[in-house]
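Top line first, the protein sequences correspond to chains A and B.
Each step along the first sequence adds one to the number in the numbering used here, with nothing skipped, and position 360 is 360.
Each step along the second sequence adds one to the number in the numbering used here, with nothing skipped, and position 45 is 45.
Derived from the structure by calculation, the hints contain no laboratory data.
Note that the structure is predicted; figures quoted are calculated from it, not measured.
Treat the hints loosely; a few may be bogus.
Chain A stretches covered by chain B per the calculated footprint, using a threshold of three residues with CB under 8 angstroms from any CB of chain B [unchecked claim]:
| id | segment |
| --- | --- |
| 1 | 132-145 |
| 2 | 285-292 |
| 3 | 303-317 |
For lysine-lysine, the following BS3-like pairs were computed, each having C-alpha atoms within a straight-line distance of at most 27 angstroms [unchecked claim]:
| id | chain 1 | residue 1 | chain 2 | residue 2 |
| --- | --- | --- | --- | --- |
| 4 | A | Lys301 | B | Lys17 |
| 5 | A | Lys350 | A | Lys301 |
| 6 | A | Lys227 | A | Lys164 |
| 7 | A | Lys177 | B | Lys209 |
| 8 | B | Lys151 | B | Lys126 |
| 9 | B | Lys146 | A | Lys301 |
| 10 | A | Lys227 | A | Lys350 |
| 11 | A | Lys318 | B | Lys224 |
| 12 | B | Lys78 | A | Lys301 |
| 13 | A | Lys301 | A | Lys227 |
| 14 | B | Lys78 | A | Lys180 |
| 15 | A | Lys308 | B | Lys183 |
| 16 | B | Lys239 | A | Lys301 |
| 17 | B | Lys209 | A | Lys318 |
| 18 | B | Lys209 | B | Lys263 |
| 19 | A | Lys163 | A | Lys194 |
| 20 | B | Lys183 | A | Lys301 |
| 21 | B | Lys183 | A | Lys177 |
| 22 | B | Lys151 | A | Lys308 |
| 23 | B | Lys224 | A | Lys32 |
| 24 | B | Lys209 | B | Lys183 |
| 25 | A | Lys180 | B | Lys209 |
| 26 | B | Lys95 | B | Lys146 |
| 27 | B | Lys209 | B | Lys227 |
| 28 | B | Lys151 | A | Lys318 |
| 29 | A | Lys32 | B | Lys151 |
| 30 | A | Lys164 | A | Lys177 |
| 31 | B | Lys8 | B | Lys263 |
| 32 | A | Lys227 | A | Lys32 |
| 33 | B | Lys151 | B | Lys224 |
| 34 | B | Lys151 | B | Lys183 |
| 35 | A | Lys177 | B | Lys78 |
| 36 | A | Lys308 | B | Lys146 |
| 37 | A | Lys163 | B | Lys78 |
| 38 | B | Lys78 | A | Lys164 |
Backbone N, C-alpha and C fix where the C-beta goes; we use that ideal spot for every residue, glycine too.
Listed below, chain by chain, are the residues.
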Amino acid sequence: MKVLAFEQLAYRHFASDYASNYDSITTMPYHKLVDRKLMHQDHMHFLDEMLHAARSGFDGLATTEHEQASYDILPNPNLQMSALAYATQSEGLDVGLACVGRSLAKSREPLRIAAEYAVLDQISAGRLVAGFPIGLSYDVNRNNGIPPIETRARFYENLELIKKAWAAKEVFAWNGKYNKFPEVNTWPRPYQDKPPVWTPAVGNPVTLAGIIDNDDAFLYLSWFGPKLTGQRVFDRYWDLAEERGKDRNPYRLAFVQAVFVGETDAEAHREYGPHIEQGYRTGLGSIPMQSLGLPGYIDIKGVEFLIKDPGDFGIVPKMRTIEYKELVDQQCAIVGSPETVTQQLLEMVKNFRIGHLVIMVQIGSMPHELVMKNIDMLSKHVLPKLKGTWEDENWENRWWPSGAR
Amino acid sequence: MSAQVVIKGPERTEVVKAWNDQIDVQVKVAGSGPALVYLHPAAGLYWDQFLDKLAETHTVYAPEMPGTSFGDPYAIHKVDTFLDLVLIYEEVLRKLGLNRPVAIGQSFGGMLMCDLAAHFPDIFSKIIPLDPAGLWRDDVPVLTNKLYIDKPENLPGYLFLDPSIPAAQAMFTPPADPEMMVKHIAHMVWSLGCVAKFIWPFPDQGLAKRIHRISVPALIIWGKQDKLIPVAYAEEFQKRIANSRVEIIDQSGHIPQMEQLDKTLALVKAFIAS
């Protein structure tokens, strides 16, 4: 199994009552809420912490893209990934670099993404995992003005174009519905023959089927509460894979799980707990529900399904005022001593067949020193016990970059 | 409350094959007499008392925009651009064999109707835009995007001055049968999504450049307290359409034919008869 460190770039200094006053997307007033020196500091700490994780023995680093968001200020994660690609390459740290953003449905410049990813792959000598999410409705439709009903078709056209731009041996013309380019010839091409593709998604069966048919990997997230959503979404995924003639290779799956480790359970809850609660309330919790699916964004059959059974949303509908205990009970975050955390992670990994475990090491207001401690505790006491998982089953990992450890 | 509102509804559906036979456009029809075309707003066709009343003296033809017909949601994927849509409607009206009917268009339907009249100057004999979309002023934003981003429970407040009136309550009450309720809500959400293809993020497809081509008489009706498309736009339409006049209806939001049925109906009938 591969274990990656992941962070969102949250502004860490919001007042504790943020969630009752502001959304975390699109409308929150920047100048009123942000101190420029602290924003700068958060940007530096993000990079410092990710580099620390690379130095501490994680197999890879992961970032996501969120635009006009206060909980993940990464309008283009490739900028941060570029700094990390250079720094790790200079130090001889051959970690995988999983850019699990860039959101494709909203992109009016998909060839720019093809080129940026290729640049990252070149700097890192083939360590890129290319993430291609469809994109959240608020970002695709509200922030970027794409008609919701075009979201999916744009995603598929852009994905096809990028893959072709990487693979093409000759200059080609692309006369698509949304892209018209007379002469496509992306320079550079990726260092790898075919960078592995991971697609973040929330469990929509249509999306899952597309991922399986493309032979890409599915990335899912713990934020909805794996106790509520994990079994149903992962069962759906593996059943679909089987139906569509694919094996149960765990490396077809990546899972983002927030994990926070202390010397003891009590210490971990005391130190990390308030930041976890604040992070979920002010982040995911402060996205208005209707902005996760503007009319037309979700297929009509999906809307019927969600009205009848909103279970895929897990605890998201009450996240804005969620209590810490429930976040832990539902495993939105796994918190405790190394033993507690390791036991829960191993059970989850085996149960859901997770081949790439993406550990979220920071959330919300959690300060730099505590994040560094978490990374240290994870790398010293948890990673060694996770290493080697799945090796007994001899699966080939075709979804890991060829230049990474 | 809603029991007070009795709606007869359409009498029949005519299916018109359009767009090289790729799309079956459903046209709801009622009444007898001269043809009258009604073009529906963003939430899809809702047959109300206004259409019932018009059907007492006219044959009302109400085409459903591709994708918004119950049971045929994916027709929208065959319509890529607003020009496609305008051409599809022209084809449907031509195939119905209507001879220069009067047309009424509400909100998005008003925008579409104005563009049809601008593209095809002889397609209608008269037009009646009811709080139409289609123009844009930076200082008076059109708020149709709120129908998509605000909470569902807030939507009636954008459409009605008084959302508690029986006609509004009847419109927002889904069927009681649980299975039908799910289908009804999903269908309404999907219809909004279909129309958003042409009005998201703004209902501006360049009508301002073409509207001068409208040559038929126009009666522009506007709810004085319209929150979705403010009444300031009444004058914007009036000054761009040569042969037009405006009637402002007090005590009405975005849908005057529901909120002030009698007044709106009287104006419409007088204009048609003139």
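These are the hints, each one checked on the structure:
no.: 1; hint: 132-145; in the structure: holds (count 3)
no.: 2; hint: 285-292; in the structure: holds (count 3)
no.: 3; hint: 303-317; in the structure: holds (count 4)
no.: 4; hint: A:Lys301 <-> B:Lys17; in the structure: holds (25 angstroms)
no.: 5; hint: A:Lys350 <-> A:Lys301; in the structure: violated (32 angstroms)
no.: 6; hint: A:Lys227 <-> A:Lys164; in the structure: violated (39 angstroms)
no.: 7; hint: A:Lys177 <-> B:Lys209; in the structure: holds (25 angstroms)
no.: 8; hint: B:Lys151 <-> B:Lys126; in the structure: violated (37 angstroms)
no.: 9; hint: B:Lys146 <-> A:Lys301; in the structure: holds (24 angstroms)
no.: 10; hint: A:Lys227 <-> A:Lys350; in the structure: holds (14 angstroms)
no.: 11; hint: A:Lys318 <-> B:Lys224; in the structure: violated (39 angstroms)
no.: 12; hint: B:Lys78 <-> A:Lys301; in the structure: holds (18 angstroms)
no.: 13; hint: A:Lys301 <-> A:Lys227; in the structure: holds (25 angstroms)
no.: 14; hint: B:Lys78 <-> A:Lys180; in the structure: holds (19 angstroms)
no.: 15; hint: A:Lys308 <-> B:Lys183; in the structure: holds (10 angstroms)
no.: 16; hint: B:Lys239 <-> A:Lys301; in the structure: violated (44 angstroms)
no.: 17; hint: B:Lys209 <-> A:Lys318; in the structure: violated (47 angstroms)
no.: 18; hint: B:Lys209 <-> B:Lys263; in the structure: violated (32 angstroms)
no.: 19; hint: A:Lys163 <-> A:Lys194; in the structure: holds (9 angstroms)
no.: 20; hint: B:Lys183 <-> A:Lys301; in the structure: holds (9 angstroms)
no.: 21; hint: B:Lys183 <-> A:Lys177; in the structure: violated (31 angstroms)
no.: 22; hint: B:Lys151 <-> A:Lys308; in the structure: holds (19 angstroms)
no.: 23; hint: B:Lys224 <-> A:Lys32; in the structure: violated (36 angstroms)
no.: 24; hint: B:Lys209 <-> B:Lys183; in the structure: violated (39 angstroms)
no.: 25; hint: A:Lys180 <-> B:Lys209; in the structure: holds (26 angstroms)
no.: 26; hint: B:Lys95 <-> B:Lys146; in the structure: violated (36 angstroms)
no.: 27; hint: B:Lys209 <-> B:Lys227; in the structure: holds (25 angstroms)
no.: 28; hint: B:Lys151 <-> A:Lys318; in the structure: holds (15 angstroms)
no.: 29; hint: A:Lys32 <-> B:Lys151; in the structure: holds (25 angstroms)
no.: 30; hint: A:Lys164 <-> A:Lys177; in the structure: holds (16 angstroms)
no.: 31; hint: B:Lys8 <-> B:Lys263; in the structure: holds (20 angstroms)
no.: 32; hint: A:Lys227 <-> A:Lys32; in the structure: violated (37 angstroms)
no.: 33; hint: B:Lys151 <-> B:Lys224; in the structure: holds (24 angstroms)
no.: 34; hint: B:Lys151 <-> B:Lys183; in the structure: holds (20 angstroms)
no.: 35; hint: A:Lys177 <-> B:Lys78; in the structure: holds (12 angstroms)
no.: 36; hint: A:Lys308 <-> B:Lys146; in the structure: holds (25 angstroms)
no.: 37; hint: A:Lys163 <-> B:Lys78; in the structure: holds (26 angstroms)
no.: 38; hint: B:Lys78 <-> A:Lys164; in the structure: holds (25 angstroms)
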